[in-house]
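Asker: Residue-level listing of the chains:
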Amino acid sequence: MKVAVMSCIHGNYEALNAVLSDIDDQSADKIYCLGDLVGYGPHPNAVVEMIRALDIPTCQGCWDEDIVEGLNSCECSYPSVLAEKRGKQAHEWTDQVIHPEVREFLAQLPLSLRDDNLCFVHGSPHNQHEYLMPEVDAFVALERVLVTGADILFCGHTHVPYVRSLDAGQLQIRVKSTGTTERDVSFSAPLKRIVNAGSVGEPRHGRPNATYVIYNTDADQITLREVEYDYQKTCAAIIDNGLPPIFAWRLARGLEFAERADDPTHVCER
Amino acid sequence: MQPLNITLVAGSIGAGKTTWIQQQVHTTAETVIYLSLDAGETAVDSTYLAAEVPGLTVLSAVQLANFLEHPTDGCVVYLELGFHIDLNSIILPDPMADCRRVAVLPPGTRHTEWHGWADVVVTGAEASITLRQPHLWRSALSGQVLDSASLNTFWYELTNGAYGTIQRAKGIFDVADGRSLYFDFVAGLPETTDMELNLPRWLNGRPDRFSGIEIVGEALGQTAIAQTLKDCCLDEQAIAYYQQQIKDLIEQGEEVA
Amino acid sequence: MNDWAILSGIEGNLAAYEAVLADIKRQRQPVEELYILGDVIAPTAESEQVIQRVRSPQQNEPMPQVCQGWWEEQLLILHGLGRTGEPTELIERYGITMVKTLWDAIPREMVEWVRSLDFGLFELDCLLIHGSSVSVSDQLTPDTPAMQMLDRLMRMEANTLFCGRSGLTFQYEIQQGTVTSSLTTLDRSNSPQAIAVKPRQVVGVGNVGRLPGQASYALYRPNSNQVEFRTVRYGAGKGFQRASP
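Protein chains in written order, with the numbering used here: chain U, 164 to 433; chain B, 8 to 264; chain X, 203 to 447.
Worth flagging that the hints you see were computed from the coordinates, not collected in a lab. Only a predicted model underlies this, so the values are computations on that prediction, with no experimental measurement involved. One or more of the hints may lead you astray.
As the list claims (entries may be wrong) - List time: in silico DSS-like cross-link candidates among lysine-lysine, alpha-carbon distance up to 25 Å: (1) Lys-248(U) to Lys-237(B); (2) Lys-251(U) to Lys-254(B); (3) Lys-165(U) to Lys-193(U); (4) Lys-251(U) to Lys-339(U); (5) Lys-339(U) to Lys-302(X).
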């Protein structure tokens with residue numbers, strides 16, 4: 164069976180269409196979506212309608228949450244005051260154009276999805292705002308998979324796709340506690356993987372192309388897909404709809420609309 | 008009294024006028040006086056030279072007039088002219104009549120009005136792009152404190168063409184940790200320089216010193232540039248917060264990066 | 203460097219705190235630093251006296267460094283100063299009447315002090331915190347899975363994490379560990395790399411005030427990385443009274 168996983172569409176309808184037809188060409192049997200359907204891009208309603216029409220199981224991303232709950236993120240979730248101002252502009256625009264039924268749909272999205280030994284989340288199992296960057300310490304990464312009980316954790320949020328294999332994890336511990344004898348415990352974990360699906364509508368790998376992943380369960384093989392699409396159309400729509408032109412400039416360069424946090428593991432306690 | 012040793016420096020955008028003057032200052036032991044004729048409110052070059060070149064005095068146009076009336080012996084004066092100043096229209100005060108004229112031009116430049124004007128032509132940096140209609144945009148930012156991460160994003164976007172074709176951009180910015188940073192970009196040169204100016208950290212409210220930006224380019228999105236710069240600025244509360252943090256670190260005797 | 207005394211959960215029990223202070227003063231190796239990992243208060247009137255005692259040490263006692271505990275966080279939530287708006291956790295655990303009990307027990311003028319406390323303290327390579335780097339409610343015990351313990355340590359890049367939420371005294375050493383990591387991105391593929399973990403530990407520092415007549419806390423010698431647990435028995439009858447929460 165082939166499972167296609169995509170994330171972070173961000174109101175980019177052109178990119179979504181291109182990815183859906185590539186998924187068709189690859190004859191995937193199932194599609195999962197890891198959230199952030201809206202925000203920054205010019206077609207939030209059309210994107211959500213498409214996901215709903217195709218009945219694609221989707222978990223909630225941080226942008227979806229913000230559109231439902233109202234912008235509640237603290238300054239620390241933005242890497243700079245400039246990114247914060249741009250994020251707020253994008254939020255306000257999206258908040259105005261979004262249809263009530265789209266908002267309702269976003270509100271009922273679950274934070275995680277499970278399919279046998281696969282787990283799907285937006286950011287990390289602990290928090291949809293946490294960035295699981297490829298360079299995160301291997302043990303921290305392993306903990307994120309283990310806490311789900313799954314063998315493969317699919318996430319998005321960073322906008323750059325990757326596959327990380329964590330094999331033969333083991334720990335040796337010694338526990339002393341008052342009233343009991345000292346005990347040695349060893350822990351081991353078989354192969355676990357983190358698969359980041361990249362971003363359909365707001366790529367950050369330096370090219371404008373959309374990215375997603377396909378997991379072939381029979382061959383146990385993961386493929387990172389990069390799909391070209393007419394990004395100029397999205398850029399034109401960004402400008403026509405009165406969104407900041409800098410969003411179009413960044414999209415065309417695969418730079419993401421806003422810079423990412425310096426300390427990506429930082430999660431606001433609020 | 009010795010005749011005054013005055014050099015007028017002109018030349019094309021990004022050819023290295025300020026750099027050439029800086030080199031001359033390093034090779035002379037005398038007191039050096041510098042003035043940029045077109046700087047006005049946005050004195051990026053003068054502020055940079057005053058902070059970075061020991062033994063150099065920067066004068067305003069008014070101060071220069073006073074100086075010419077009562078010149079100090081053994082002084083060397085450099086007067087920098089912006090690329091857009093019409094060389095034939097300059098009227099120099101009498102004591103400056105027999106000054107030396109230097110043009111800093113990219114290699115291979117011939118038959119320009121600078122050639123007719125200059126006593127000496129110095130070969131400067133290669134120009135990678137030639138603009139049909141170079142436009143100068145500048146803005147004073149004195150008193151503003153920028154967020155470093157935002158500034159870096161803005162500078163990246165600016166120098167990579169997000170707001171029009173840029174040939175030359177330089178700026179001095181006060182950032183949240185109290186430092187004054189100098190940014191310098193010339194199209195075609197691989198790296199944009201960004202260095203800390205040799206000025207004390209400003210940790211008491213809005214800085215009372217020059218900061219600002221000068222951009223030479225074509226089809227400049229001036230409104231967008233101005234708006235983005237504004238969006239990089241910190242508010243009163245944030246400025247106070249960061250300044251207090253740095254003060255606390257210094258008080259604890261910690262190394263402040 | 204001299205010893206640290208680390209304790210948690212006085213829970214408004216003044217007699218227990220006095221007993222621990224007396225025990226600290228009895229140590230042959232002088233105790234230089236005193237850390238209190240939260241739950242100074244409980245929903246009892248005596249908490250006010252405990253706060254006063256903590257804030258005004260005697261001349262021969264170190265000035266305690268205090269961070270917020272679970273009770274302090276609940277109090278701040280009631281006063282609208284917490285990280286979340288609703289006292290959901292408090293009500294779930296103790297019922298709705300506890301909201302008023304806690305509100306009444308701690309005078310308003312004490313709230314400012316509680317608010318001034320840090321969420322956690324970081325000294326040398328040690329994180330000192332009530333729950334863990336995740337939250338004040340995160341309870342680490344001798345039975346917590348190893349990978350979870352390691353995560354709590356690595357979140358703050360600490361080599362030792364002292365915590366008090368469980369009330370237990372324990373030393374949980376992660377002695378060694380490895381994992382093989384490989385990464386594939388759009389543009390490159392890295393060959394597998396073995397990553398080792400350096401030894402780290404989580405220390406449960408016990409609880410001072412919850413169990414009448416018996417207080418436990420920890421002594422730590424930073425130079426040698428040695429941990430010693432102390433159990434102090436004291437007369438529970440002497441003016442000791444406690445509302446059962």
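Asker: Checking against the hints above, which ones are violated?
Answerer: Checked against the structure, the hints that fail are numbers 2, 4, 5, while the rest are satisfied.
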